[in-house]
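Trainee: The residues making up each chain are set out below.
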Amino acid sequence: MTTISTEQVAAIARLARLAPDEAQLETFARQFGDILGYMEMLNGLDTTGVEPLYSPVQHATALRPDEAAPRCTREDVLRNAPEADQEFFIVPRIV
Amino acid sequence: MSDTSTAIVSLSLADVRDRLARRELTAEQVTAACLDRIAATEPAIAALLTNRGEAVLAEARALDGAGPDPAKPLWGVPLTVKDALTTAGTRTTCGSRILGDFTPHYDAFAVARLREAGAVILGKTNMDEFAMGSSTENSAFAPTRNPWNVARVPGGSSGGSAASVAAGQCFGSLGTDTGGSIRQPASLCGCVGLKPTYGRVSRFGLVAYGSSLDQIGPLTRTVEDAALLLSVIAGHDPRDATSAALPVDDYMGALAARKDLSGVRIGVPREFRGEGIDPEVSAACQAALDKAQELGASIVDVELPHTPYSIAAYYIIAPAEASSNLARFDGVRYGRRAESPRDLADLYVRSRAEGFGDEVQRRIMLGTYVLSSGYYDAYYRKAAQVRRLIREDYEKALARCDVLCGPASPVTAWGLGELTSDPLKMYMMDVFTLSLNLAGLPGLCIPVGMGGRSGMPVGLQMLGRAFGEGDLLAAANVLSGALGVPGVAPACEGA
Amino acid sequence: MALYEAVIGLEVHAQLRTRSKLFCSCSTAFGAAPNTNVCEVCSGMPGVLPVPNARAVEYAARMGMAVNCTVNPVSVFARKNYFYPDLPKGYQISQFETPICEHGHLDITVNGQTRRIGITRIHMEDDAGKNIHSAGDNASYVDLNRSGVPLIEIVSEPDMRSAEEAVAYLKALHAIVVYLGVCDGNMEEGSFRCDANVSIRPKGQQEFGTRAELKNLNSFRNVQRAIEYEIARQQDVLEDGDAVVQETRLYDAVKNVTVSMRGKEEAHDYRYFPDPDLMPVRIAAEDLARWRADLPELPQARRARLMEQHGLSEQDAEVLTADRALADFFEAATAVCGQPKKVSNMMQGALLRELNQRAVTVDAIAMRPEALGELVRIVEAGLISAKIANDIFGELLESGAMPEAFVKERGLVQISDTSAIETAVDEAIAENPAEVEAYKGGKTKLISFFMGQIMRKTKGKANPALVTELLQKKLG
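Residue numbers (my numbering), protein chains in the order written: chain Z, 2 to 96; chain E, 11 to 505; chain B, 185 to 660.
Keep in mind that the hints were calculated from the coordinates and are not lab data. The structure presented is a predicted model; accordingly, all values stated were derived computationally and were not measured. For glycine and all other residues, C-beta sits at the position ideal for the given N, C-alpha and C. Take the hints with a grain of salt, since some may be wrong.
[To be verified] Once the Cα atoms are required to be at most 20 angstroms apart in a straight line, the calculated DMTMM-like pairs of lysine to aspartate or glutamate come out as:
| hint | chain 1 | residue 1 | chain 2 | residue 2 |
| --- | --- | --- | --- | --- |
| 1 | B | K314 | Z | E88 |
| 2 | E | K435 | Z | D35 |
| 3 | B | K314 | Z | E84 |
| 4 | E | K435 | Z | E27 |
| 5 | B | K314 | Z | E76 |
| 6 | B | K314 | E | D353 |
[Claimed, not checked] Partial list, computed: chain Z residues near chain E (C-beta under 7 angstroms):
| hint | residue |
| --- | --- |
| 7 | M42 |
| 8 | Y55 |
| 9 | I91 |
So that you can see chain Z by itself, here it is in the shape it has in the complex (with noise of 0.2 angstroms):
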């Protein structure tokens, strides 16, 4: 059986940069170790020797000409901002 304590999953949550409330972390560490307990089955397979596959894909990456090209202007990328001026995107001031 695979235990999760809330410690745990309050420092998961601050490397993920989200802020569970105690009763969310009780439940996601109760959820968690259910879920990792069921995971504990892999170690029972023997996989020496077996080379990762990280993904499906066969080919290698084909590689792009370097040229540059304009794909959008400011105004597209700084349209969703939740807080821009004409020119930038705002954030509370760091340090």
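Chains E and B: place on chain Z using the hints.
Mentor: The following block gives chains E and B in isolation, referenced to the frame of chain Z:
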């Protein structure tokens, strides 16, 4: 709804396309019929997140003005598109609050192909948030309901697309399939759903969930319609490095060439017959296999011995990729930002905590955990090794047969709210679909009748070799033609 | 420092000189208006995908070859996950387990001692954008023009033992990237930047001490001073009986100190994994062979050859090989006149002076190396004086005119006709009887006074050797 409208929306995509091309129907008539049907069914099923409404009538009129174009294989055909695909000028939410009213300036490759082919895009369909779910109950907005019984789920995550097609709101829809998200809702809603080979359809403009698993495909009411849509959206895209440069087969030609199933070896994996399958599902699938034999197919026993590991491997790989893919939703450049953040840290955390639903947060954290320092080898790398073994299983099985068959879902559509409290149990619902995404192979789900107990649709999944969509569609077309399709669902309260 | 030894490793980021970004077609041009070289890909919008730039791969491989690395025919892009407003995707696309180049080295010479510095790896990655902080309105402004610009990171082994060695290594790397043309080497614009890992240990000890990572070292001078400061600081810490803390420290060039960033950054867990949007990058054997074949002669080898072949001093050779175009210019000019030392002098004098005044590089001027060679030749042949050559250099540089035709057309050709000079000499003697007396009385230094008089009369065109000869004869 007028009788004319009802008659129009009951047509297949291929049929309406031909009538439009012959000018027996105008694009405006067909589009108006769909809008009528949307107005009549949407209150009961909530299949759409964005209904473009009257705007599409103007597009249809413009098409009528220009006249049919033989170079445009979908001229005047109204379709819907899952909200996981970007649509230039139309809000794209991916079923999440975090995207706010994000309106991209760029079309997904597949969407652009539809537009170039002359299709009318009616709206964007509902989905589990970021395609994470099997019931569309994880939509941040509202659950979609099954048009065959609105007390039940349509499946997911492309539940809005499946419901929209089954209810006759449109003639076809694009969905996305990361672990069964096209095939399973197609199964639960009694329509045809195709997940192409990974790399067959460009992922450009598909809001990524599990990048090495995601694939776009059609949901339609007939196999022929699915072939038609795939012909339009398949192909190489230089903007997707994972898209295959292989030529696109002539799918319509493949369909026309096959009249029966003689010579087709159907493999039935032992692991797809085991316990946990509802008897009404087993019975309908068996009847379909019997029919296939009548049509000339032979049945071969095969094994996919690593199938029991697929759920564990999938729920490591998909969340790991998702945890990284969803990092860009940070409230800085687009989408929802928390009100008056104290500082940058607060902006990130609150925008994301408020913007993502529980299931998405659960998978982001799960993925963060399995990639984190000290756990990578035990989880992510191990899962990737298992993934290779799963693919090798498929390769061995497909060396002994032409098509693999099994249920797409172990059960027919369940009631809303029945499984939401237990994520692991919900994950188990994907057992027959997700190993195919791990292997990257194509799979098709066809309706094979209504369950004897529930009266809800049962779907049969047919899986094939990489880039073998032509063979798969041709075999499915013969079988589905013999079995018949359920057609348009009633989609109303108390049905 | 007698008791301690410093251990230094450098991580150098060089911006590759491509036209477009690493994963999209946006321009890499420096200095564009904010957020104008930005698209859906480099601003990390939903659903977009990266497609790698072929030239970036080529440049990274060429750099690897130049520093004796193994170039891996298959390399893998991986995601490095962290949050920052200038990082639109929430991850950087870098290379982790399988970088494009590994196991290289570079030889440096400091105080006559040559040392081999190991190069662990070179990998490709995309740059972040830029945050601009405003004091006034409590906000930061994000400009993504730089986001997605291709970089290589060159990671050295901890093989350097002093600030001088670190700077020598960095200068050598800089010369190579510029030579290859894979990077413009501009440190002010951030095209070439460096972080240093510095630790100290008691002499003779094998194990490394705890290291500090120094950032913000944006000039050779800052690298030198920051490392020197840091070595001294760590020594003080150890001598006080304290322990050095593993941390990132920012160099403050104004105060010449390094300052801890502790508390301002949290523990990182980058969660690297292969980028599922990008398949492994394969480089064809033919491409590798072709790039290796046209690898240019590198600065070190060229310096040695210039000293050997043309008899230049080490210092002259170093100046001339610091820039590939300058060295090419030197060799082409020398081929015309066969006077390497004179060419070297004229280049380090007049040419560099004029280039600095105009703030341009040698490949941006109209003057061809053949012209400079001809200029040296006509000075040596006595057609014009060195002074005239110096005076007209700026004009030649601007116009690209060939010197011999130019001086003839302007009537600047030196007077070597004895009778014409003799008239001027006679006049000068007649006009200055007092100075003649003084000269004859032993003030022989007055010869330069007469030289000046004669040059004024001939507008500088008199052949100085002839004038001296005549003066000495006539003044007795």
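Trainee: Decide, hint by hint, whether the structure agrees.
Mentor: Structure-based check of each hint:
| no. | hint | result |
| --- | --- | --- |
| 1 | B/K314 x Z/E88 | 13 angstroms, holds |
| 2 | E/K435 x Z/D35 | 10 angstroms, holds |
| 3 | B/K314 x Z/E84 | 17 angstroms, holds |
| 4 | E/K435 x Z/E27 | 19 angstroms, holds |
| 5 | B/K314 x Z/E76 | 19 angstroms, holds |
| 6 | B/K314 x E/D353 | 18 angstroms, holds |
| 7 | M42 | 6 angstroms, holds |
| 8 | Y55 | 5 angstroms, holds |
| 9 | I91 | 9 angstroms, violated |
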